[in-house]
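Model the full structure from these sequences, guided by the hints.
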Amino acid sequence: MFTPHTKADVEAMLKTIGVGKVEDLFNVVPEKYRFPDLNLPEPLSEMEAAAELDSIASANATTRDFICFLGAGAYQHYIPAAVDNLLQRGEFYTSYTPYQPEISQGTLQAIFEFQSLISLLTGMDVSNASHYDGATAAAEAVILANHHFRGKRSKVLLSRAINPQYREVIRGYMQANAALHIVGDDPETGIEPDLKNLIAQIDLDTSLVMVQYPDFFGRIIDYKPLIEAAHAQGALVAVVVNPTALALLTPPGEIGADIVVGEGQPLGIPLSYGGPYLGFFAVKNPLLRKISGRLVGETVDTQGELAYVLTLTAREQHIRREKATSNICSNQGLMALAATIYMTLLGKTGFQQVANLCYQNAHYTANTVQEVPGFSLPFKATPFFHEFVVQADQDVPELLVHLQDHGILGGYDLSQDYPELEGCLLMAVTEMNSREDIDYLTDVLSEVEHA
Amino acid sequence: MREPTIFELSSPGRTGVTFQEPDVPLTDIPQEFARANLPFPEISELGVVRHFTKLSQKNYAIDLGFYPLGSCTMKYNPKINEAIARYPGFAATHPLQPEDTVQGNLYLMYTLQNWLAEIGGFADTTLEPAAGAQGELVGTMIIARYHKDRGDLKRTRILIPDSAHGTNPASSAMLGFDPVQLPSDERGNVDLKALRELCDDRLAGLMFTNPNTLGLFDENTAEVIRIVHEAGGLVYGDGANMNALLGVFKPGNCGIDVMHFNLHKTFSTPHGGGGPGSGAVMVCEKLVDYLPDPHVVMTDPGDEETAPTYGFARPKKSIGRVKAFHGHFGMLVRAYTYIAMLGQDGLRDVAEKAVLNANYLQAKLKGSYTLPYDRSCMHEFVLEGYWKDVPDIRALDIAKRLMDYDFHPPTNYFPLIVHEALMIEPTETESIETLDQFADAMVKIAEEARTQPELLKNAPHNTPVKRADELKAAKDLVFCCYPAGDWDRNK
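Here the protein sequences line up with chains A and B, keeping their order. Residue numbering for the first sequence follows the numbering used here, starting at 8 and increasing by one per position. Residue numbering for the second sequence follows the numbering used here, starting at 196 and increasing by one per position.
Please keep in mind that the hints were generated in silico from the structure rather than gathered at the bench. Check each hint, because a few of them may be wrong.
Here are the computed lysine-lysine pairs in the PhoX-like style, where the Cα-Cα straight-line distance is at most 20 Å [to be verified]:
| hint | chain 1 | residue 1 | chain 2 | residue 2 |
| --- | --- | --- | --- | --- |
| 1 | A | 162 | A | 203 |
| 2 | A | 297 | B | 670 |
| 3 | B | 559 | A | 22 |
| 4 | B | 652 | B | 639 |
This is how it looks when you write it as structure tokens:
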């Protein structure tokens, strides 16, 4: 279909090669296995494919068909038209890893700007060129800490208020390391905002303490005591962040975090049913040589002109092979570019406006929902950003179906991951939720039969 | 001309895209958490558009020209893929929506799982891995879990041919395996004698790239697999080079146990300047229970009246989750579209034309360059970028000089087993005219190496920047364009 060869071309090429027919080029493949049938549907023209895929897409109901209060790690935000328009430049999306700096300065400078924006946003010194997503970036933080202490500290403490999927990915990545104990996220340690139970477990065997900011329940918690306690034992601290929230909140870098990671999807990347997204990863200077993944650095060319290159590649798998700390090879290049364009386009003013809209709309929602009989805010005493927990005095799955019947994606049923939060719903509110939507939500909630 | 950074372009008070003010009653942000300063750039929308447009013009790309980067399969990325992945029906779905609201997505994933398994000759597929390297990680996890489940705990070794991708040893090491390098024989195949010697009860598996990074299909493929199986090991197939085998060879039929495909190579999803990739993993029947969580299944086959329904399920002995949510869905939409448009004949045509193009270029170049393994190649081949009579010229110089002829250079210095390697993968979407122009440039450069070597040594001459000082970058360690005055670079 996308091959340009005419019959005459093929004949000329075969003649140059010195074989009689194309099939002969595959004689090395054992005959028994050569040219098997593929049981696939008849091929479609572009027009037919467009129609078929349109019909598959139409079998979904989307966040545009619903009023969406679903977050829990992926958030709907307005993406300015210029973001996707620039992303669709073939010079960006049909290029590859900038191994040849002379003809990749566009990608390299954009990554350099991405690194700069992420460093500023998180309050850290160095950001890499990105990881697959927030969850794998969190796993890479655990790997980094383990290498930092050369495996001599065997404990990693995870807050139970970290996204459960992230904790599962961390355990998956570290599954071969039987000597490493990943603890702290059990129900006994719990999710109290004072973190006392977690802090009590930090000791000289702890390599890393990881928390989330705002946490999985949307809460803004003061991590200074935890960071001080961790540093007193020589442990590192990693903070998983929501980048939108950092437009308004003191960044973890300013309160002593050693590593900051997060999911960059809110920065101009469509929900797209979970991917591709963008993991970001930033550290303080002492850890910079231990960072995995690509890094772009500034240099000059032979004429003395400023130029950007991939640097410190000796850490990476293509040089160190089995000794590399991570096998990561690609980064999320195009997604990092989307985030860079988004952050630049919104800039200081627009980015703070978006965060403030999220904050204000979420607080209005929380305030109105808690006034509906049968609903309350169990974590009311703790500040939150754009996500919060609602306790309902009725069955949450039934409530979600009721809301769905009224065109609302009501949120995330927390009892799936937290048995102690039976009856609790996690709701996210962004700039995309209008006051009208929010008032409609409370109207629908008011109609619900209570237990 | 140098393009200023976004911080140099910034002017205090200027705005790009702005938003409405809140229309709800306001709540104060708690003072103890309020950020003091956000030193983000302040640029107009047009300023931002021009900046990134200018940056794009400093890139080379498939849409601009020939990109024969070996082992990367830089084929045409169909525009229709981009349009379809952006359909709101796909792009505006939240990953945690109830299954009954995303039956289209689940159908697409279920169908793609089956298509990829069919193309590779496997029993089932996971679409979760974010890239080829993560696919390798999943495959290695499955191998580890398989042996562990059988109580076969001595198996700590993974054999990796010296012609393998660098991610293979790194992936094995991440899972606690001991990667052992396996030499190639003089024809570029796995050395069977060395293989037999290493096949004992410590063998967990072999990571087998076939065709290998020399572009050669192993002449003893079936025998290699048989030897590993006989010793109780599993064979992992690195599918980075699957473009040569579509409709030609099903690795699963020949006994490969677990394998990844790079959807961004073989199935035309764009490389995006270094990602996102997408690395589906296929497994044989005995490994299906180990696939990552979640996995798409048909929950109800339906009947004449009702359509089938689809949902997620956790495979019985799943290795768990390797990333949040369920894979690079946007890339899956593109790969689905591509396969739907090509079908059986189209896919085989891809492999045939990819291999035809590579052999054509190999034939045209082997008079001017040393071809260390002089065999019919698959989708790519490796030349030496070195001549004894001009020892100062290296592969790097040839690569840089190619830029002056408006071509992207081949992969250089890989695979490691070829001296000054130039690894050339033309892909099937290039025409004979393009291949001829490239071959002419390569032949010309071979002449220039003798007559005007400084042209190569000082190349490239016409690019936005000249050769960059990589040592300086590694010494200075400047990773951020901090706005002057706001941040101290040396703190």
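Inset, instruction - Verify the proposed pairing of residue 297 of chain A with residue 670 of chain B, using a straight-line Cα cut of 20 Å. - result: 16 Å, holds
Inset, instruction - Measure nothing beyond the straight line between the CA atoms of residue 162 of chain A and residue 203 of chain A; if it is 20 Å or shorter, mark the hint as holding. - result: 18 Å, holds
Inset, instruction - Starting from residue 559 of chain B, check that the Cα of residue 22 of chain A is at most 20 Å away, please. - result: Holds - the C-alpha atoms of residue 22 of chain A and residue 559 of chain B are around 11 Å apart, at most 20 Å.
Legend entry - Distance restraint between residue 652 of chain B and residue 639 of chain B, which requires alpha-carbon spacing of 20 Å or less: 15 Å, holds
In this structure, none of the earlier numbered hints is contradicted; all agree with it.
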